[in-house]
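**Q** For this one, chain P is given, so just place chain L on it according to the hints.
If you read the sequences in order, they're chains P and L. Here the first sequence is numbered in the working numbering, starting from 7 and rising by one per residue. Here the second sequence is numbered in the working numbering, starting from 7 and rising by one per residue.
Warning: the hint list may mix true and false statements.
Note that identical chains are pooled: a pair holds if it fits in a single copy or bridges any two copies.
[Claimed, not checked] Here are the computed lysine-lysine pairs in the DSSO-like style, where the Cα-Cα straight-line distance is at most 30 Å:
| hint | residue 1 | residue 2 |
| --- | --- | --- |
| 1 | Lys25 | Lys367 |
| 2 | Lys444 | Lys401 |
| 3 | Lys332 | Lys401 |
| 4 | Lys273 | Lys31 |
| 5 | Lys320 | Lys332 |
Hints were generated in silico from the structure; no laboratory data involved. These numbers were taken from a predicted model, which means no experiment stands behind them.
2 protein chains.
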Amino acid sequence: MKVSKFGGTSVASAAQIEKVANIIKADPSRRIVVVSAPGKRFDNDVKVTDLLIRLANASLAGEPVDRALDDVLARYRDIALDLGLDDGITSIIADDLARRLAASKENPSLYFDQLKASGEDNSAKLIAAYLTSIGLPAEYINPQDGGLVVNNPPARVQALAESYANLSQLRNRQAICVFPGFFGFTETGMLRTFDRGGSDITGSILAAAVGAELYENFTDVDCVFAANPKAVDNPAEIEKMTYREMRELSYAGFAVLHDEALMPAFKASVPVCIKNTNNPFSKGTMIVAERDFSERPVTGISADSGFSTLYVSKYLMNREIGFGRKLLQILEDEQVSYEHIPSGIDNLSVIVRSYQLTPGKEQRIVDRIKNELHADDVSFSGGFSMVVLVGEGMKYSTGLAARATQAIARTGANIEMINQGSSEVSLVFGVLQKDETKILQELYSEFFTPVFAG
Amino acid sequence: MKVSKFGGTSVASAAQIEKVANIIKADPSRRIVVVSAPGKRFDNDVKVTDLLIRLANASLAGEPVDRALDDVLARYRDIALDLGLDDGITSIIADDLARRLAASKENPSLYFDQLKASGEDNSAKLIAAYLTSIGLPAEYINPQDGGLVVNNPPARVQALAESYANLSQLRNRQAICVFPGFFGFTETGMLRTFDRGGSDITGSILAAAVGAELYENFTDVDCVFAANPKAVDNPAEIEKMTYREMRELSYAGFAVLHDEALMPAFKASVPVCIKNTNNPFSKGTMIVAERDFSERPVTGISADSGFSTLYVSKYLMNREIGFGRKLLQILEDEQVSYEHIPSGIDNLSVIVRSYQLTPGKEQRIVDRIKNELHADDVSFSGGFSMVVLVGEGMKYSTGLAARATQAIARTGANIEMINQGSSEVSLVFGVLQKDETKILQELYSEFFTPVFAG
Numbered sequence: 007m008k009v010s011k012f013g014g015t016s017v018a019s020a021a022q023i024e025k026v027a028n029i030i031k032a033d034p035s036r037r038i039v040v041v042s043a044p045g046k047r048f049d050n051d052v053k054v055t056d057l058l059i060r061l062a063n064a065s066l067a068g069e070p071v072d073r074a075l076d077d078v079l080a081r082y083r084d085i086a087l088d089l090g091l092d093d094g095i096t097s098i099i100a101d102d103l104a105r106r107l108a109a110s111k112e113n114p115s116l117y118f119d120q121l122k123a124s125g126e127d128n129s130a131k132l133i134a135a136y137l138t139s140i141g142l143p144a145e146y147i148n149p150q151d152g153g154l155v156v157n158n159p160p161a162r163v164q165a166l167a168e169s170y171a172n173l174s175q176l177r178n179r180q181a182i183c184v185f186p187g188f189f190g191f192t193e194t195g196m197l198r199t200f201d202r203g204g205s206d207i208t209g210s211i212l213a214a215a216v217g218a219e220l221y222e223n224f225t226d227v228d229c230v231f232a233a234n235p236k237a238v239d240n241p242a243e244i245e246k247m248t249y250r251e252m253r254e255l256s257y258a259g260f261a262v263l264h265d266e267a268l269m270p271a272f273k274a275s276v277p278v279c280i281k282n283t284n285n286p287f288s289k290g291t292m293i294v295a296e297r298d299f300s301e302r303p304v305t306g307i308s309a310d311s312g313f314s315t316l317y318v319s320k321y322l323m324n325r326e327i328g329f330g331r332k333l334l335q336i337l338e339d340e341q342v343s344y345e346h347i348p349s350g351i352d353n354l355s356v357i358v359r360s361y362q363l364t365p366g367k368e369q370r371i372v373d374r375i376k377n378e379l380h381a382d383d384v385s386f387s388g389g390f391s392m393v394v395l396v397g398e399g400m401k402y403s404t405g406l407a408a409r410a411t412q413a414i415a416r417t418g419a420n421i422e423m424i425n426q427g428s429s430e431v432s433l434v435f436g437v438l439q440k441d442e443t444k445i446l447q448e449l450y451s452e453f454f455t456p457v458f459a460g
Numbered sequence: 007m008k009v010s011k012f013g014g015t016s017v018a019s020a021a022q023i024e025k026v027a028n029i030i031k032a033d034p035s036r037r038i039v040v041v042s043a044p045g046k047r048f049d050n051d052v053k054v055t056d057l058l059i060r061l062a063n064a065s066l067a068g069e070p071v072d073r074a075l076d077d078v079l080a081r082y083r084d085i086a087l088d089l090g091l092d093d094g095i096t097s098i099i100a101d102d103l104a105r106r107l108a109a110s111k112e113n114p115s116l117y118f119d120q121l122k123a124s125g126e127d128n129s130a131k132l133i134a135a136y137l138t139s140i141g142l143p144a145e146y147i148n149p150q151d152g153g154l155v156v157n158n159p160p161a162r163v164q165a166l167a168e169s170y171a172n173l174s175q176l177r178n179r180q181a182i183c184v185f186p187g188f189f190g191f192t193e194t195g196m197l198r199t200f201d202r203g204g205s206d207i208t209g210s211i212l213a214a215a216v217g218a219e220l221y222e223n224f225t226d227v228d229c230v231f232a233a234n235p236k237a238v239d240n241p242a243e244i245e246k247m248t249y250r251e252m253r254e255l256s257y258a259g260f261a262v263l264h265d266e267a268l269m270p271a272f273k274a275s276v277p278v279c280i281k282n283t284n285n286p287f288s289k290g291t292m293i294v295a296e297r298d299f300s301e302r303p304v305t306g307i308s309a310d311s312g313f314s315t316l317y318v319s320k321y322l323m324n325r326e327i328g329f330g331r332k333l334l335q336i337l338e339d340e341q342v343s344y345e346h347i348p349s350g351i352d353n354l355s356v357i358v359r360s361y362q363l364t365p366g367k368e369q370r371i372v373d374r375i376k377n378e379l380h381a382d383d384v385s386f387s388g389g390f391s392m393v394v395l396v397g398e399g400m401k402y403s404t405g406l407a408a409r410a411t412q413a414i415a416r417t418g419a420n421i422e423m424i425n426q427g428s429s430e431v432s433l434v435f436g437v438l439q440k441d442e443t444k445i446l447q448e449l450y451s452e453f454f455t456p457v458f459a460g
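One chain only, chain P, in its complex shape:
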């Protein structure tokens, strides 16, 4: 049994949904289908989710909603018509939206979420109807009926353990299950949406729950590339990588699959495949627990900007038991999470994502470190990028750091920070933001350009 998730562009139009149907038809083990809300059909198009956000905002503001509602309905109506479905499904969706619009506005955030989640929900209803109409018996599964139970606010939304037992029952359904992505319900029936990449999470949870042989994640790219195609010409395709590699790459700029979405599949050892709805015969990229890494030590190179460093020095710092712990406590008190802590003997740098900082926060952190930890020097500086080499094979490749640092030296850029731990799945370089692209390009050509003897 496979769980197949289709993203927004895969269900954006009738033509796309026909591709989805063909994909499902082509492999009878595709028994559970998770769908997003209809996405963009062309560059300047507006996603259904964004139309729903407009609708919810208008409704909450007490403004007329007819126009915004029509925009949403029109998308579903067009798709249904083009797919040759009768008015029934459009009526169901119209009734559903009317019911949601009439819901209590007592909790505006909840009101907003339940409208937004209708994008996926009605997408699932429509696609179930279409599959059935072409002789692929399918049923829409409401996440509340299916048992996708999430925790209560205000904690960040997460599926509760009981969800897995509940959802494992989907194995026994005769029809193909079409499950909306992006949301679940608390035990008392409150709808909660997942964070970014939410439909990917739903698919991953379902794949884990039913013990799928494969979790297919259909999107609009053929595969995961070894480097960002915007920075590197024709980067190599990654055929297979491990969860750890995907996760380390997603840290800095690889946005194909939201990293948190991998977790349930990872824990249940379900392999994941990134595939292209528009080119389903392409092999895609497999994400697995273990792989043979004899060929190439580096699997991918990612880069991301927007990092700051907090530099702290204090004479004889490393004699003070508790110094680092107290420093991290101060950051935690300001709700700042950190990425790395490279350290000398009497100094350390804490690398953080700059978006978490404000001038006030920086000042409070600096003041507390000076006053409470009696540090000699404390300062923030911004404008850094992290460039990350990722590969399970790096551990077994002597001289890899030498090749990487030589490549960076060839660009004339300075290395501000190097971090390599004993796992050695990744080697992280902190560099100035302005040097990021040229370093990425040089590293790519060092590790991915074929070398010809001669």
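**A** Okay, now just chain L, sitting in the frame of chain P:
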């Protein structure tokens, strides 16, 4: 005004003390002299401090002390005779030791310390007498009279702030002050000894207190070398380095000046000079706040073995605010201090000195990290060395990491860990212990061997 400290080998015999006197005579600004207890005169000799430890142990055990006491007295008597001093000073020392031996044994640790500290104390009395006898008026200063006040137990012994004001009065003495190293007194008059390198600390405190133009630390080597002479043939001499460089070098295997001893001089901006009693015209090594570092990016390379790593991995670790802080708290609860925390995305390694660990401690730490932090993998492994490149100029030297990693690659050794923070005074490599020496040698030849064009 200079403060000149003479180590154990510099005051081990009459011939050595004559050299000390010549050094003092040669420069009238040498007004404050700090001395150690007489050290070894030849390889198999026993230091006075070790003789005193035997004496104290015998006395505490209730055994006869005559033999051990004679051994101590003989050392001073021989020196006094050879220096042409009369019996007076030997009697003073004999009376002093008799008084110490008769002291209360109620607190055995205190009893032990006051006997051990007599080594420096009587050395100072003897040297003051000798200097006076050759026409260099000198007076012995008792640390209690001088005002070297230390904190109360059980905290690690440290000079209190008031010591600096007290000791600054030594500027006004007419005679040369001869001050014993190694110990001070609490406000209630309890003697406490400094940790390892204790006489160096006393000298550093005095230099800071009187605002000396220079703190000279006389020992038995000409200078600090750029690498351990036991590992590298004829290593380069370091003429000048910064406090930070000395400190980073002392982290791993550079034992010329105890790092903690630098602190008072560093805080008071007193430059420090490491010199050789046996070759006083050699320039020595200057330790200063700032230096011109245009010549050579790397000042020294140190290496030390005996490190372990604690490896911890947990999927989505870096999403968890507080993970690192809680991990460090667990180490702190077990009184384990750490050196570095290189990290990937979902894993980190904590580098610690292995001597702090026991199998029981390791097990407790691993169990707590698994149970309380729900980590996926937790393990200790030992047998690592840290090799550290140190130099203020490294920050301005593009390609330095490339040269270093290439040199290591040439040895065929793998790099287990790399740590370079934004201070960039040091670049730390974790390697297997068995590879330490060959890596040190290769790095030395990379950064210190002159390159000839051609």
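**Q** For every hint, state whether the structure bears it out.
**A** Do the hints match the structure? See the list:
1. In the homo-oligomer, the alpha carbons of Lys25 and Lys367 never lie at most 30 Å apart, since the shortest distance is 50 Å inside one protomer and 59 Å across protomers.
2. Proximity of Lys444 and Lys401 under a CA criterion of 30 Å is satisfied in both settings, with 25 Å inside one chain copy and 20 Å between copies.
3. Only between protomers do Lys332 and Lys401 lie at most 30 Å apart by alpha-carbon distance; the minimum there is 28 Å, versus 33 Å within a single protomer.
4. In this homomeric assembly, Lys273 and Lys31 come within 30 Å of each other (Cα to Cα) only inside a single copy, at 29 Å, whereas the closest approach across copies is 77 Å.
5. When the C-alpha separation of Lys320 and Lys332 is checked against a cutoff of 30 Å, the pair qualifies both within a copy, at 14 Å, and between copies, at 22 Å.
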